[in-house]
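Enquirer: If you're matching them up, the sequences are chains F and X in order. Read left to right, the first sequence gives residues 1 to 379 (UniProt numbering). Read left to right, the second sequence gives residues 1 to 379 (UniProt numbering).
Treat the hints with care, as some may be off.
As the list claims (entries may be wrong) - List of simulated lysine-lysine pairs, BS3-like, C-alpha gap at most 25 Å:
1) F:K163 to F:K91
2) F:K347 to X:K24
3) X:K99 to F:K347
4) X:K227 to F:K231
5) X:K269 to F:K99
6) X:K269 to X:K251
7) X:K24 to F:K24
8) F:K219 to X:K269
9) F:K227 to X:K231
10) X:K99 to F:K99
11) F:K99 to X:K347
12) F:K24 to X:K375
13) F:K99 to X:K24
14) X:K347 to F:K24
15) F:K296 to F:K132
16) X:K99 to F:K375
17) X:K375 to F:K99
18) F:K99 to X:K251
By construction, these hints were calculated from the structure, which means they are not laboratory data.
Given next are the chains, with one letter for each unit.
2 protein chains.
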Amino acid sequence: MGSSGNGSFDPSASRGGASASVDKGVDFANYFCTYGYLYHQKEMLADRVRMDAYFNAVFQNKHHFQGKVVLDVGTGSGILAIWCAQAGARKVYAVEATKMADHARELVRGNNVDDIVEVIEGSIEDVTLPEKVDVIISEWMGYFLLRESMFDSVICARDRWLKPDGVMYPSHARMWIAPIRSGLGDQKMNDFESAMRDWHCFVEDTENNYGVNMNILTKPFQEEHEKYYLKTSLWSNLHPDQLIGTAAVIKEIDCLTASVDEIRVVTSKFSLPINMDRTRLSALAGWFDVHFRGNKQNPAKNEIELTTAPSVENSTHWGQQVFMLHPVLRVNEGDELLISFSMHRSKENHRLMNVGLSYELQQSSGKRLPAVISKLYIE
Amino acid sequence: MGSSGNGSFDPSASRGGASASVDKGVDFANYFCTYGYLYHQKEMLADRVRMDAYFNAVFQNKHHFQGKVVLDVGTGSGILAIWCAQAGARKVYAVEATKMADHARELVRGNNVDDIVEVIEGSIEDVTLPEKVDVIISEWMGYFLLRESMFDSVICARDRWLKPDGVMYPSHARMWIAPIRSGLGDQKMNDFESAMRDWHCFVEDTENNYGVNMNILTKPFQEEHEKYYLKTSLWSNLHPDQLIGTAAVIKEIDCLTASVDEIRVVTSKFSLPINMDRTRLSALAGWFDVHFRGNKQNPAKNEIELTTAPSVENSTHWGQQVFMLHPVLRVNEGDELLISFSMHRSKENHRLMNVGLSYELQQSSGKRLPAVISKLYIE
């Protein structure tokens with residue numbers, strides 16, 4: 001057989017785990033295992049935008065932490081928990097599902113806050129704390145905010161363990177979409193066409209050399225490859241110059257009140273005005289921001305924003321998700337893209353997303369191009 | 001968080017699944033899912049060495065198939081089953097654990113052998129056939145033969161369903177090891193050292209910018225990276241010129257009689273004579289071959305060999321597994337490497353392997369260098 005550990009073709013699409021009843025072993029094999037590596041932790045810890053935002057959020061708002069009890073959901077290497085202790089927390093519960101908990105415990109000890117920070121290995125859903133907490137801090141955001149579906153665990157923690165007047169860190173989150181120009185789509189189309197040409201040769205060779213007609217698999221092969229090359233969003237760190245219109249907020253989340261039902265499906269109708277003349281609209285880009293504002297009774301002294309928008313100086317490891325549009329549209333300033341967007345979780349793996357997109361170009365001349373409907377994937 | 005689907009760092013090491021009691025869902029998420037992709041099937045189907053061997057084995061030994069009942073274990077796209085039907089089998093049971101079974105069924109129909117080939121979706125361990133079979137055919141070989149542990153399923157099929165005088169396709173298998181020269185080890189050592197330099201900068205930055213001392217994680221970070229860069233075998237298609245000594249067979253398997261106990265652990269003591277002067281012994285290469293010989297009562301008319309040894313013209317998708325030796329040894333013609341080798345299954349994932357290696361260089365001068373002991377991984 002020869003199944004490669006590091007295939008170039010991402011098998012994540014058929015990773016197991018279902019939304020309704022998630023098999024914990026499968027979910028661990030598919031998802032949590034990644035977070036058990038220091039390599040991966042370091043990638044997140046070396047993201048200056050991410051680090052600065054949380055660091056400033058905590059140390060510029062010490063009043064939220066001094067003498068308080070904090071819960072860190074998914075502490076990883078434990079750095080947020082350590083900061084909370086350094087900012088004056090009386091007690092920090094740092095919960096981590098992977099073996100990274102052992103490293104977190106070491107790090108806590110090495111930084112002399114082991115009298116304050118208690119690292120607990122386990123799923124937040126299974127953990128019992130001896131008390132309610134004043135603050136929940138968590139870095140739960142996946143690509144395009146909701147990939148990974150980790151906010152579910154934060155909601156669970158909040159409903160079980162946050163005091164009525166407690167504070168969420170971050171307190172708010174938003175999802176953004178913008179029209180962009182990019183060569184990525186052309187490149188992927190070339191890759192796709194090349195894979196199909198290769199397939200046709202393969203079919204011919206197999207018939208000639210081995211007497212088996214493979215042609216009946218051409219359609220499923222094409223579908224598999226269309227999904228992989230053309231319909232799966234791409235990670236990218238875009239240059240702001242690639243934006244060709246105004247970005248729109250398609251979802252706002254109040255972390256203090258949001259329910260799982262509210263985030264399980266995201267739907268939005270919105271329009272994206274084009275502000276560049278004679279250019280190509282080749283994709284939509286999706287990203288997110290979160291804010292640290294405290295709550296109404298107990299607001300932040302210094303509100304902090306963490307944004308993953310396209311940026312030259314402040315790019316993040318999240319980058320942006322690029323949803324390719326095929327075919328590319330020729331657009332002009334004054335045109336408007338009318339979009340109906342929906343995102344729901346993949347049935348096969350609740351941590352991955354399926355996106356439904358329907359869009360029409362309203363030209364400044366008044367002409368409206370026919371609607372295009374497409375189904376895309378965030379894997 | 002931002003967990004990438006396509007990380008550059010292979011998380012397979014902590015994929016679940018245990019030898020004693022394998023969680024089927026976890027095993028599917030980790031292993032079988034790969035085989036659900038036509039992309040991956042095509043990679044195997046386009047391997048001419050592999051295809052020619054099975055094709056010739058079947059069609060040059062039609063007497064094993066004419067009027068006979070055949071079981072294909074892990075049929076994938078179904079090609080071996082179709083060949084068996086074309087070679088005159090009366091009935092072929094083609095068992096496949098993944099959704100690839102649907103495609104196999106289509107392919108069988110498209111090649112007009114659906115009256116003979118019955119595709120059954122399921123694990124071979126769970127399948128009940130209405131009769132015993134004359135032949136079991138299977139392409140079960142993983143990297144260095146036993147990675148994937150799929151031969152277990154073939155043994156299970158054989159013990160349950162093969163008639164006493166039945167034939168195994170292939171009938172025999174061997175594992176080989178040879179001394180080689182290669183730049184791969186230097187390259188990986190550079191990667192490792194660069195990762196460690198980067199880590200030390202990171203530790204300094206994190207202390208300066210965020211007041212947290214990460215140094216306590218330096219040792220586990222180093223261990224994690226040593227394993228990944230230096231102790232994990234590499235896939236490679238070696239040039240025969242890279243061989244600097246005589247290859248040794250370290251394991252022979254008779255597919256008709258082998259038990260799971262016999263393959264669960266592989267141990268061998270052997271020596272590798274060096275036949276090149278003033279060169280570097282930088283790694284050992286492991287590969288396998290299999291033979292199609294029929295059985296004693298009913299031998300093959302034409303014995304076929306499938307070898308994955310280093311070759312310019314006949315390389316395979318299996319390539320060779322390269323086990324790096326650190327430090328590299330300077331060797332000369334007439335030297336001999338005395339090796340004690342053991343391989344057993346990873347506790348975390350029974351489809352991956354841990355290798356124990358102890359080696360001493362016996363120089364032609366009579367001097368023997370101190371033994372080196374190392375633990376390596378096939379992931």
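Enquirer: Take the hints in turn and mark each one as holding or not.
Expert: Verification of the supplied hints:
1. F:K163 to F:K91: Answer holds: K163 (chain F) to K91 (chain F) is near 14 Å, not above 25 Å.
2. F:K347 to X:K24: 19 Å, holds
3. X:K99 to F:K347: Status holds; Cα separation ~16 Å.
4. X:K227 to F:K231: Since the Cα atoms of K227 (chain X) and K231 (chain F) sit roughly 36 Å apart, the hinted pair is violated (cutoff 25 Å).
5. X:K269 to F:K99: Judged against 25 Å, a Cα distance of about 36 Å means the pair is violated.
6. X:K269 to X:K251: Within the cut-off at roughly 10 Å; holds.
7. X:K24 to F:K24: The given pair, whose Cα atoms are some 12 Å apart, holds under the 25 Å limit.
8. F:K219 to X:K269: Distance of about 51 Å is beyond 25 Å: violated.
9. F:K227 to X:K231: Violated - the C-alpha atoms of K231 (chain X) and K227 (chain F) are around 36 Å apart, more than 25 Å.
10. X:K99 to F:K99: Given that 25 Å is the threshold and the Cα spacing comes to 33 Å, the pair is violated.
11. F:K99 to X:K347: Distance of about 16 Å is within 25 Å: holds.
12. F:K24 to X:K375: Judged against 25 Å, a Cα distance of about 31 Å means the pair is violated.
13. F:K99 to X:K24: Holds: K99 (chain F) and K24 (chain X) sit about 22 Å apart, inside 25 Å.
14. X:K347 to F:K24: Answer holds: K347 (chain X) to K24 (chain F) is near 19 Å, not above 25 Å.
15. F:K296 to F:K132: 20 Å, holds
16. X:K99 to F:K375: Status holds; Cα separation ~22 Å.
17. X:K375 to F:K99: Since the Cα atoms of K375 (chain X) and K99 (chain F) sit roughly 22 Å apart, the hinted pair holds (cutoff 25 Å).
18. F:K99 to X:K251: Since the Cα atoms of K99 (chain F) and K251 (chain X) sit roughly 36 Å apart, the hinted pair is violated (cutoff 25 Å).
The structure does not agree with the numbered hints 4, 5, 8, 9, 10, 12, 18 stated previously, though it agrees with the rest.
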